[in-house]
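Engineer: All chains, full assembly: derive it from the sequences and hints.
2 protein chains.
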Amino acid sequence: MPSFVYTIDVEANPPSLQDNTGDLDRLKKAIFAKSRIMPAIPLERMAEVAQNFRKAQFKGTAFVNDMPNGPLLVDFQEEPCSVLPAMALDLGTTHLEASLVNLLDGKILTRANRENSQIEYGADILSRIHFAVKDDGLSRLHNSIVATINDLAEDLALQAGVARQKIRALSVSGNTTMVHLFLNLNPYYLCREPYIPLVNSPDPCQAGAVGLLIHPAAPVWIMPSIGSYFGGDLISGILASRLDEQQETCMLIDVGTNAEVVLGNSEWLIACAGAAGPALEGGVARMGMRAGPGAIEHVTIDPRTLELKYRTIDGGKPRGICGSGIIDLVAAFYLSRIIDIRGKFKKETCPDRFIDTGDGLGFVVADADEADQGEPVVLAQVDLDAMMRSKAAMYSILTTLINQVGLEFADLHRIFVAGAFGRHIDPRQAITLGMLPDLDIGVFQPIGNSSLAGAELVLLDRHNRERCQELIAKITYLELNVNQEFMIRFSGSRFIPHTDTSLFPSVPVFD
Amino acid sequence: MPSFVYTIDVEANPPSLQDNTGDLDRLKKAIFAKSRIMPAIPLERMAEVAQNFRKAQFKGTAFVNDMPNGPLLVDFQEEPCSVLPAMALDLGTTHLEASLVNLLDGKILTRANRENSQIEYGADILSRIHFAVKDDGLSRLHNSIVATINDLAEDLALQAGVARQKIRALSVSGNTTMVHLFLNLNPYYLCREPYIPLVNSPDPCQAGAVGLLIHPAAPVWIMPSIGSYFGGDLISGILASRLDEQQETCMLIDVGTNAEVVLGNSEWLIACAGAAGPALEGGVARMGMRAGPGAIEHVTIDPRTLELKYRTIDGGKPRGICGSGIIDLVAAFYLSRIIDIRGKFKKETCPDRFIDTGDGLGFVVADADEADQGEPVVLAQVDLDAMMRSKAAMYSILTTLINQVGLEFADLHRIFVAGAFGRHIDPRQAITLGMLPDLDIGVFQPIGNSSLAGAELVLLDRHNRERCQELIAKITYLELNVNQEFMIRFSGSRFIPHTDTSLFPSVPVFD
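Heads up: the protein sequence lines correspond to chains D and L, in order. Here our numbering is used: the first residue of the first sequence is 1, the next is one more, and so on. Here our numbering is used: the first residue of the second sequence is 1, the next is one more, and so on.
In short, the hints are calculated from the structure, not lab data. If you're wondering where the values come from, they're calculated on a predicted model, not measured in any experiment. Ideal Cβ positions, reconstructed from N, Cα and C, are used throughout, including at glycine. Some hints here could point you the wrong way.
Some chain D residues judged to face chain L by a derived CB distance under 10 Å, without partners named [said to hold, decoys possible]:
(1) Pro-15
(2) Leu-17
(3) Gly-22
(4) Arg-36
(5) Gly-70
(6) Pro-197
(7) Gln-206
(8) Ser-225
(9) Val-482
Structural biologist: Dropping the structure here:
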């Protein structure tokens, strides 16, 4: 099945008095004769396509967008096409990751990433939605993200040695709000009960219409969302994990700003989302940070000596702790009894590691001497509390969801864990905390940035674009905002590992 | 089959926590439930449609464009739709005629017409093509015609009491060059051997993309052409005359700047075009004019007394002679022997009717006293010569075409005569001149402005839009520019009625 844009090599008979077909009609006929495809040509492309077709003496390469309502002929060039670059984009709230794919062979040409420049208007989704309502707020947010994407496209193009305007397609995988801001659509109702997007499944548009500086007729595919809190990034995750093609029941966990979870197999899919992420993503803890240079990603504490060892992602001096580091750390706190089962510091266990942060107690993970820029890395009680809420929310989401369909965790064949969270955490430590269910470690499978991987997949094959539409028709969405069961489970989960310790037989119980 | 734009009354369930579908997805679903149609929504229309849908509390009227590659949802309003105006346009080289059609019931709301403002850049097609090549010539011609169409749309809207931007579709029927200029496409190759249009059959576009000030998402249908000299106006003529649905073989003659002729039935169609028009359209004779106020449309001369009587279209003082008046006049000249069979004046027959025009002899049809603004209406020998060439060309075109398929004129069930030419001429006089074949008068059927009528038909029914595509695939085009037979026939036709008088048994032969 065709990629989002494809090429057709054509050679038409030159015009003559005996064959007075118009140039574009001639081109279409030649394409039809070659491929049984009869594309339409948008008005804005007619003049240039006709000019190129004549200049090439009616022989060359046609570029066709594979749109849901039929093929669209958008360009023509004399030379054979050796590389057909398309951009896949993970449009995150804080961070954008992109790859450049050669649609001719499916290979990744290069990758790049950028901070989300909208952060200057609001660190989180909610503050940006509020900003969007003011005066020209929406257009400023829109212009900001388009500018960043244009910069990213330029990065990719430079690295791959192609011109930016030769990028001939774009796929975008992001949460529902980011997609609204990208398309310059009002996000007002997204954060107000009953939390309704302006659109979940926008029809593809052309890059020029959004202000993108890649090829103006490059088709833009937006991964559809299921609701305000279940975005296209998770549809990407389903595509990438092939959850929708599994014979046995599996689960997909994606932790970003929210924890988004899908459960199911090739027969059925059920999903829910909830606020469980910030502490894990590094957005809440004062010393929290994204998994990047200087981030402490792994921590151990010897339960006897209380000696602490850590490892940063790049092996350099520590600047902060990323999500996996926090999980390791809190699990180690628990196992070495530096915290109690409610997640409260027990200062008496090692008084010299604690300082007063000015906002309560803080545990010094790395002191000023060893840390980057002489700034000690500290985990405060308030950060720990946030972490406890996050882990409780996560486990409650998972149990609510699995109970909804009458299954138990033991019925799961596999749990796909997406994103940086999946790549860096040690499931063993997350189980110790009671964040993930107490299953065999082999059940957990990290799948990396599946938001980006899904975006790549839709560029490459119409089958994957069609799967998106099937998915959104197939997924049952469980709204947690009004779910009583979730609230009850949340209370029971605010202990390590859980009030019901029998749920976590592998985790030692103290006191 | 649906009109080019149609409405669907929908009522969707309001959003709730249990039903968190996005607004536009909700609207699409409601439309699908009602009509089994699943439209796409273009990005540019998403924000407004969603806003209107919410304001209307999820109940109202959706506007859907019936595009060849699927339905397109472009607008939504709370109120029921009582009138759905669409504009049909006959885009002539010298003159534009338009009508406003109510797509809800197919009735014509009003009509209007305007001069083609491009005349300031060139009176005829050829001079405009030359102008288009200069600097910004093309965009000036394009802007000029778009401005005129916007004015016409404003005229129609005012007359019908609707807002111009509520005109929700446009169909354009014009010759190939006019269509190029309208779409801002380079007409350079149209007038250079082998006379190739940039496009014969452009895909529909949206009004906003062309600069039209009707509804920005109004779909624009362009009647396809067959070649440089066979435009969409004649495809309209075929639609309006239903030539393509006739059991018996018929002919369609359309005389504008060129004479365009189609021969055929429901099984086959053959067409050709040639320069035969100007003298008949009033574009060549110094006193020639379009059929309008002050135009002499009918003339008789008593063969015995040589008394001349004329009638103007509006009964007012004469200002010039339109095509039908010229044909009447020249036929009367012949029957009263004021000209010879070569079309040369015999001054001696009535010396007092002749004056010296400064460029040869001229016959005074109406003298200064009786004419409008004291300017006598004169037909000069040079005008007569042009007329003789035109009539010879016309008859040669008809005979070449009918011979091409091995038929004779007597085999024709009907001859449809389109345009002002068809409405005003007396076929009897055209036969006397040897311009039309010597058939029973009942065979000739005037069909009025079939260019406009065809444009109206495509607005009303998808079947007619599909017929356009079938027609251009079906018509065989006979190129006269390289036709030897045509040149030979042309020479034989430069006499009244013909060198072979046996072809015109009903016409008296003199000398």
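Engineer: Run every hint past the structure and note whether it holds.
Structural biologist: The hints, checked one at a time:
1. Pro-15: 4 Å, holds
2. Leu-17: D/Leu-17 check passes; min Cβ-Cβ to chain L is 4 Å, inside 10 Å.
3. Gly-22: 4 Å, holds
4. Arg-36: Result: violated, 16 Å to nearest chain L Cβ.
5. Gly-70: 4 Å, holds
6. Pro-197: Constraint on D/Pro-197 satisfied, holds at 4 Å.
7. Gln-206: Check passed: Cβ of D/Gln-206 comes within 8 Å of chain L, closer than 10 Å.
8. Ser-225: Hint holds; D/Ser-225 Cβ to chain L Cβ min 8 Å, cut 10 Å.
9. Val-482: Interface hint status for D/Val-482: holds (5 Å vs cutoff 10 Å).
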